[in-house]
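Participant: Sequence:
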Amino acid sequence: MNAQLRNILGGAESLNAHASLGTRTRSAYSANFSTPILSNPDLRWEIGGLASSTLKHWASHEEVLKGGNTRLVWQTAPRSRHEFTYQGLWRQVTGLAEKASPSVRADAGDSFKSSLQHTWTKDTRDVSMLPSRGYLLKTVSEIAGLGPLKGDVAFGKLEMESQAAVPIPIPGVKGDSGVTFTAGLRGGLLYPLALPGQQEPAHSRINDRFQLGGPTDVRGFRLSGLGPRDGQDAVGGDLYAAGGASLLVPLPRVGKDTPLRFQAFINGGRLVALRDSRTSDPERVSPNSSMDATGSVASTMSALIQELPSCAAGVGLVYAHPAARFELNFSLPLVIRKGEEGRKGFSFGVGIDFL
677 MNAQLRNILG
687 GAESLNAHAS
697 LGTRTRSAYS
707 ANFSTPILSN
717 PDLRWEIGGL
727 ASSTLKHWAS
737 HEEVLKGGNT
747 RLVWQTAPRS
757 RHEFTYQGLW
767 RQVTGLAEKA
777 SPSVRADAGD
787 SFKSSLQHTW
797 TKDTRDVSML
807 PSRGYLLKTV
817 SEIAGLGPLK
827 GDVAFGKLEM
837 ESQAAVPIPI
847 PGVKGDSGVT
857 FTAGLRGGLL
867 YPLALPGQQE
877 PAHSRINDRF
887 QLGGPTDVRG
897 FRLSGLGPRD
907 GQDAVGGDLY
917 AAGGASLLVP
927 LPRVGKDTPL
937 RFQAFINGGR
947 LVALRDSRTS
957 DPERVSPNSS
967 MDATGSVAST
977 MSALIQELPS
987 CAAGVGLVYA
997 HPAARFELNF
1007 SLPLVIRKGE
1017 EGRKGFSFGV
1027 GIDFL
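Quick note on my numbering: the sequence shown kicks off at 677 and runs consecutively.
For the record, the hints were derived by calculation from the structure and aren't laboratory data.
Since no wrong hints were added, every one of them can be taken at face value.
Computed list of lysine-lysine pairs in DSSO-like fashion (alpha-carbon distance at most 30 angstroms, straight line):
1) K814 / K742
2) K775 / K742
3) K814 / K932
4) K932 / K798
5) K826 / K742
6) K775 / K1020
7) K833 / K798
8) K826 / K814
9) K814 / K833
10) K1014 / K775
11) K932 / K850
12) K814 / K798
13) K1014 / K833
14) K833 / K742
If you anchor each label on the Cβ, the simulated ranges turn out as follows:
15) Q874 / A782: 10 to 20 angstroms
16) W750 / N678: 18 to 28 angstroms
17) E689 / K814: 20 to 30 angstroms
18) R702 / P935: 24 to 34 angstroms
19) A727 / K814: 23 to 33 angstroms
Glycine included, each C-beta is placed from N, C-alpha and C at the ideal position.
Hey, can you work out the whole structure from these sequences and the hints?
Facilitator: Structure representation (structure tokens):
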């Protein structure tokens, strides 16, 4: 259920509220107030709060979130904008399954994240859900627990994303053929920092680590099927890289003017935990100094690029609705590492952000 009130005070303000109940997202409630600054529609201030409870079945627990945020949104150009956000979140890892792994049990309980985040987006794609031309560049930088931010987690987090779409001309077809080639690349790093008053970098928590794999991510793998595992649980990683390419073709008798396409794709990626730069041990470590943390990141990056990524290929149907993109694909994993969970066969994905 969604509700929206516009122009509440006569100055183009808006109030948005959302509530949902489900099976995996057991409950999610949020409210957000937005207003222009100095009557400038390209400069807005937002404040909001949220409460949610989500079942993380791939890691044998339930995550409860409660908190708020305030955000400054600056539209610097028609297709470019910056977002500066402060967020305070109380997180709880609870409802552990009977067979939950030691890694999940170690992170069970409460934590508080206080962070500053900057997001820059430049998007020239003609249709974000099903682009035929243009490109996307996006960076998300977050710093948590540093200096006056407090909280009980401290890290620096950087994610980068890019996508490009190019129309493919077909001989004998005048104008736009509707055939499009798209390619995307993503990567992220979680860098451990020391909490105020401590000298050792804080160990990353399962709440903050990256997850990789799924029908809207690296297709051909189960949800969070890539990366470090502890028993049956996907515990996430501190460094990842993923990429994919798709060829989108209009269906016969349907035409290029409909948002329905046949696609052939290949995608892959790797998700890894920080490793100890002083040994060959690939297991997760908690560096005992900033110098060790730097060495661990360098060692892990070197291992990331030296080995083949887990990858899959497939074909499917894509439908781009204005609210979300729907995909029904048949995937075949080509490279799977020990412990990772591939998914051969059909999968269905719904989302607004696909690799």
